[in-house]
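J.: Spelled out from the first residue to the last, the chains are:
Protein chains: 6
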Amino acid sequence: MATFGLIEYNDASTEVRAIYDDIMATRKTDWINNFWKAIAHDPVLLKRTWESIKQIMAPGALDPLTKEMLYIAVSVTNNCNYCIASHTASAFGKGMTHAMFKELQAVIGMANETNKLVTGYQVEVDQRFQAPLPR
Amino acid sequence: MATFGLIEYNDASTEVRAIYDDIMATRKTDWINNFWKAIAHDPVLLKRTWESIKQIMAPGALDPLTKEMLYIAVSVTNNCNYCIASHTASAFGKGMTHAMFKELQAVIGMANETNKLVTGYQVEVDQRFQAPLPR
Amino acid sequence: MATFGLIEYNDASTEVRAIYDDIMATRKTDWINNFWKAIAHDPVLLKRTWESIKQIMAPGALDPLTKEMLYIAVSVTNNCNYCIASHTASAFGKGMTHAMFKELQAVIGMANETNKLVTGYQVEVDQRFQAPLPR
Amino acid sequence: MATFGLIEYNDASTEVRAIYDDIMATRKTDWINNFWKAIAHDPVLLKRTWESIKQIMAPGALDPLTKEMLYIAVSVTNNCNYCIASHTASAFGKGMTHAMFKELQAVIGMANETNKLVTGYQVEVDQRFQAPLPR
Amino acid sequence: MATFGLIEYNDASTEVRAIYDDIMATRKTDWINNFWKAIAHDPVLLKRTWESIKQIMAPGALDPLTKEMLYIAVSVTNNCNYCIASHTASAFGKGMTHAMFKELQAVIGMANETNKLVTGYQVEVDQRFQAPLPR
Amino acid sequence: MATFGLIEYNDASTEVRAIYDDIMATRKTDWINNFWKAIAHDPVLLKRTWESIKQIMAPGALDPLTKEMLYIAVSVTNNCNYCIASHTASAFGKGMTHAMFKELQAVIGMANETNKLVTGYQVEVDQRFQAPLPR
Chain A
205 MATFGLIEYN
215 DASTEVRAIY
225 DDIMATRKTD
235 WINNFWKAIA
245 HDPVLLKRTW
255 ESIKQIMAPG
265 ALDPLTKEML
275 YIAVSVTNNC
285 NYCIASHTAS
295 AFGKGMTHAM
305 FKELQAVIGM
315 ANETNKLVTG
325 YQVEVDQRFQ
335 APLPR
Chain B
205 MATFGLIEYN
215 DASTEVRAIY
225 DDIMATRKTD
235 WINNFWKAIA
245 HDPVLLKRTW
255 ESIKQIMAPG
265 ALDPLTKEML
275 YIAVSVTNNC
285 NYCIASHTAS
295 AFGKGMTHAM
305 FKELQAVIGM
315 ANETNKLVTG
325 YQVEVDQRFQ
335 APLPR
Chain C
205 MATFGLIEYN
215 DASTEVRAIY
225 DDIMATRKTD
235 WINNFWKAIA
245 HDPVLLKRTW
255 ESIKQIMAPG
265 ALDPLTKEML
275 YIAVSVTNNC
285 NYCIASHTAS
295 AFGKGMTHAM
305 FKELQAVIGM
315 ANETNKLVTG
325 YQVEVDQRFQ
335 APLPR
Chain D
205 MATFGLIEYN
215 DASTEVRAIY
225 DDIMATRKTD
235 WINNFWKAIA
245 HDPVLLKRTW
255 ESIKQIMAPG
265 ALDPLTKEML
275 YIAVSVTNNC
285 NYCIASHTAS
295 AFGKGMTHAM
305 FKELQAVIGM
315 ANETNKLVTG
325 YQVEVDQRFQ
335 APLPR
Chain E
205 MATFGLIEYN
215 DASTEVRAIY
225 DDIMATRKTD
235 WINNFWKAIA
245 HDPVLLKRTW
255 ESIKQIMAPG
265 ALDPLTKEML
275 YIAVSVTNNC
285 NYCIASHTAS
295 AFGKGMTHAM
305 FKELQAVIGM
315 ANETNKLVTG
325 YQVEVDQRFQ
335 APLPR
Chain F
205 MATFGLIEYN
215 DASTEVRAIY
225 DDIMATRKTD
235 WINNFWKAIA
245 HDPVLLKRTW
255 ESIKQIMAPG
265 ALDPLTKEML
275 YIAVSVTNNC
285 NYCIASHTAS
295 AFGKGMTHAM
305 FKELQAVIGM
315 ANETNKLVTG
325 YQVEVDQRFQ
335 APLPR
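Residue numbers (our numbering), protein chains in the order written: chain A, 205 to 339; chain B, 205 to 339; chain C, 205 to 339; chain D, 205 to 339; chain E, 205 to 339; chain F, 205 to 339.
In isolation and in its complexed conformation, chain A is listed as follows:
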């Protein structure tokens, strides 16, 4: 694939290095994956994306592993190979077991199937599902 090339740590501006440092510190790792090195061509995007990811993927009402699996579900549905590879590795790093991986893929597969059965049969939304959600 054609890219602008990747911005390695040693070639990065002070601004970009600070974000790389924060990524590594937050993730307790000593390397930066290609995604960040690619979007570092746009330091504003790099900063905004990292800060959003950092906040969104942090422990909260959902634990980090659940969030990684949700990320995988979206990425598989979008057919984004890079994203699947990186988040699957990340999920295993956060404790996903093989049993969990298998159930994750089974749910994703089944959801994609029933999404299309609903659509193809032109099923109307039940009245009960149109009620306001609980607040």
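Incorrect hints may have been included.
A pair holds if it fits inside one copy or across any two, identical chains being indistinguishable in the list.
[Stated by the list, open to error] Only pairs whose alpha carbons sit at most 30 Å apart, straight line, appear in this in silico DSSO-like list of lysine-lysine:
{"#": "1", "residue 1": "K251", "residue 2": "K306"}
{"#": "2", "residue 1": "K232", "residue 2": "K298"}
{"#": "3", "residue 1": "K258", "residue 2": "K232"}
{"#": "4", "residue 1": "K232", "residue 2": "K251"}
Keep in mind the hints are simulated off the structure, nothing from the lab.
For this one, chain A is given, so just place chains B, C, D, E and F on it according to the hints.
T.: Coordinates of chains B, C, D, E and F only, in the frame set by chain A:
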């Protein structure tokens, strides 16, 4: 929308009723949502889909609520309104809190954004992500 | 939904009317569905799209009903409700039976599921499938 | 891509081998493609998927070649390269001619275009298409 | 559809009101569309999304109308009706003419078609397109 | 990937050569990219697609560079790697600057995110957006 109409319990064959009964028993509820009543026009599909869903969505290495949230992540990414409405209702029924709902949506949104940044910047998969997954 | 409104036959230019006439003559029908009345705001698009559709959907190596079912398969996968409604009606008009409809939906559902299992398991293409296609 | 590796026949459990044997017998072939070897890590998924595929893709109201072409239509729309490669090979194996291949691709391309024209012009569904489907 | 309801200005917290005020001031308008009132249930998301949108959609190397049209291209491809309705209205508000609208839709339609022809014919990327992009 | 192979100029029929010549003359270049060489197996498709592209991508109410960026927005959203590679190269050839590229990607990413937030929160279309579009 145009459909064949929905097959209500009272109009259903013995075969279809047995599945409706199992759906209600398994879900501890007294009603059947439109999806099942629509695909009941194909009893073989109804049976296969229900048996698959029943097995896949049961408690396992992942708990049922996590599975519902994964279902929502796929359904939102696929833009399937019926599926979003039904699985969101189901997730609240299984204990999803508002805090969880918000984090779920934030992850889905962010994953869809970074999926496209990866794609648009044509980012190549890191060597480390190409290593065999742990077995 | 917001649209520019639909261009009815009586309000149409001579150029647009000629296409409407050809649509009705080709389809042996006396009405025009909303799609054509909507894109008639761009007569160049209307003409190009109709001429392409007319040629592509005509009997050839594949019969018209098979082509309608392929159209439905794409439309369901894309979640295009209008397209599903119109092409499903059209397929029934061209002789699709209920048995065919059910098998069609089952194939679409299953294909969407296995597409995602392939993707989620990151399956590499077999050498045999990389061989040149027969000419 | 990173995978768990493929489960070859000689390394497979008795349970998995029985499915491999059935795949080969049903398809009158002496090899197993990577998809099955990948999902064999989850024997329950392997079994369910094969049994569903076997039933759905069998001759019925639609012939097997038509079903393969529908599979291709979904796979192209989903952009699933593995699926396109395998089902295109399979369709040629079942008698798809070049003329059929070309018409198939033309329909898929056109359907994807008009799906988006409908969407972009925000076309409302015609009353006639909202009538109940014939039963 | 089921929602949590919309958070109207008068019912909003000070924090949310401040964002509503900024949206109206930035857009030189006196109302807030439903999207913001819906995600206001998550004030952190509301703030992050608005600040990102405000920055990204501001005049820069691309003018605001071009950005709106790009937004429409994505929204049509994703089949997001709300997004199409709101951004189409917005684009007209920013000076999109009918001629521009028509060309926009024609490009979106054609791009979706050729995307699928490329995919269905399994076209390999040309060497020239794999060269590094200009920096 | 498996293809029928590419039809090179020297092997092409007179009919196909004429289109290749027109592509090169229109684009003021001396080579043909793989897309055209692949679909040349179907000369009718080649002709129709080229004539449509030639007309649609020509200067009009929108300039050619804007059209290329719209093409990229669709292709990224569809995850079509070939299309992204070719149209990104083409856009740089037509004068896209790095600043424009970055804003383009930022808009695409953000649009994909908000498309899914709208969908996940099940936001209803505002009355104002349902008004007829200006004519």
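J.: State for each hint whether it applies.
T.: Here's how the hints hold up against the structure:
| no. | hint | verdict |
| --- | --- | --- |
| 1 | K251 / K306 | between (34 Å within a copy, 14 Å between copies) |
| 2 | K232 / K298 | within (12 Å within a copy, 34 Å between copies) |
| 3 | K258 / K232 | within (13 Å within a copy, 33 Å between copies) |
| 4 | K232 / K251 | both (19 Å within a copy, 28 Å between copies) |
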